[in-house]
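**Student:** Residues per chain, in single letters:
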Amino acid sequence: MKKIIVACGGAVATSTLAAEKIRELCQREGIAADVQQCRIPEIPSRASEVDLIVTTARVDADYGKPTLHGIAFVSGIGEEALEEKILAVLR
Amino acid sequence: MITLVPDLIYRRARFADRNELFHRVAEDLLAGGYVKESWADALSAREAAYPTGLPVPGGVAIPHTDASHVLKDALVVVTLDKPIEFGEMGAAAGSTLSVETVFVLVVADPSGHVKFLSKTIRAIQDRAFIENLASAETAEDIQAAVTAKLAA
Chain A
22 MKKIIVACGG
32 AVATSTLAAE
42 KIRELCQREG
52 IAADVQQCRI
62 PEIPSRASEV
72 DLIVTTARVD
82 ADYGKPTLHG
92 IAFVSGIGEE
102 ALEEKILAVL
112 R
Chain B
33 MITLVPDLIY
43 RRARFADRNE
53 LFHRVAEDLL
63 AGGYVKESWA
73 DALSAREAAY
83 PTGLPVPGGV
93 AIPHTDASHV
103 LKDALVVVTL
113 DKPIEFGEMG
123 AAAGSTLSVE
133 TVFVLVVADP
143 SGHVKFLSKT
153 IRAIQDRAFI
163 ENLASAETAE
173 DIQAAVTAKL
183 AA
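First to last, the sequence lines map onto chains A and B.
Its first residue numbered 22, the first sequence is counted upward by one per residue in this note's numbering.
Its first residue numbered 33, the second sequence is counted upward by one per residue in this note's numbering.
Calculated directly from the structure, the hints in this document are not laboratory data.
All values reported here derive from a predicted model rather than from experimental measurement.
Warning: the hint list may mix true and false statements.
[To be verified] Using 20 Å as the maximum straight-line C-alpha spacing, the simulated EDC-like pairs for lysine to aspartate or glutamate come out as follows:
1. B:Lys147 with A:Glu41
2. B:Lys114 with B:Glu169
3. B:Lys151 with A:Glu41
4. B:Lys151 with A:Glu45
[To be verified] Have a look at the derived ranges for each label pair, beta carbon to beta carbon:
5. B:Thr179 with A:Gly97: 15 to 25 Å
6. A:Ala53 with B:Glu59: 41 to 51 Å
7. A:Ser69 with B:Ala80: 22 to 32 Å
8. A:Pro65 with B:Asp113: 39 to 49 Å
9. B:Ser70 with A:Arg67: 25 to 35 Å
10. A:Ile52 with B:Asp113: 16 to 26 Å
From the three backbone atoms N, C-alpha and C, an ideal C-beta is built for every residue, glycine too.
Modelling step: build the complete structure from the supplied sequences, incorporating the hints.
**Tutor:** Pasting the structure below:
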């Protein structure tokens with residue numbers, strides 16, 4: 022089981038959408054994944070337990086885990102490229 | 033599904049900047065019992081820290097803030113007479129883009145509205161839909177177009 026956290030500023034809109042898209046992607050690709058949402062400031066305390074971090078806001082910090090920008094899920098621009106990057110981390 | 037009410041549709045509105053827009057929307061949301069008094073400051077702080085402008089055709093922003101400041105769900109739709117600068121989501125600090133349409137997401141329980149949120153965000157990626165809102169002649173036309181789009 023892969024653990025993924027999806028973070029945005031308020032854990033309201035953008036991370037809700039990105040989490041949903043990642044769940045769909047994992048299901049489609051047959052990857053067992055636990056996708057949870059959180060706020061950006063909560064990432065450091067949770068990073069150790071996850072395989073992948075996806076953020077929908079800009080973060081410059083290095084959490085010591087693969088971190089991808091999930092903006093493409095919100096803007097619709099570059100969505101497939103982002104899906105490929107996610108799969109590359111999870112496989 | 034969150035019902036769109038005419039009171040929360042602003043057609044070809046004129047605002048000097050996003051603060052003026054936020055102020056007006058916050059006043060109306062507070063008067064309508066949708067948000068707590070703390071919502072306005074929380075919205076401004078959230079937008080400053082995590083900007084919501086998206087580089088979709090026409091430029092669309094989706095300002096929103098923590099659910100704890102929200103009492104009742106609402107969707108606010110604003111089409112602008114003159115574009116306003118918003119920070120760009122996920123871009124380098126200080127980078128801005130021109131926004132012509134604003135969807136303010138007022139959601140008390142995000143987990144209960146996954147479908148609504150994803151439909152709204154998919155809708156703003158649709159150039160024809162955004163152009164349709166910009167050219168709408170009445171608030172009712174905007175209401176009908178958004179309602180149909182989110183129900184689709």
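**Student:** All hints are to be evaluated individually against the structure, with a verdict given for each.
**Tutor:** So, going through the hints one by one against the coordinates:
no. : hint                              : result
1   : B:Lys147 with A:Glu41             : holds, 9 Å
2   : B:Lys114 with B:Glu169            : holds, 16 Å
3   : B:Lys151 with A:Glu41             : holds, 12 Å
4   : B:Lys151 with A:Glu45             : holds, 15 Å
5   : B:Thr179 with A:Gly97: 15 to 25 Å : holds, 21 Å
6   : A:Ala53 with B:Glu59: 41 to 51 Å  : holds, 48 Å
7   : A:Ser69 with B:Ala80: 22 to 32 Å  : holds, 30 Å
8   : A:Pro65 with B:Asp113: 39 to 49 Å : holds, 43 Å
9   : B:Ser70 with A:Arg67: 25 to 35 Å  : holds, 26 Å
10  : A:Ile52 with B:Asp113: 16 to 26 Å : violated, 47 Å
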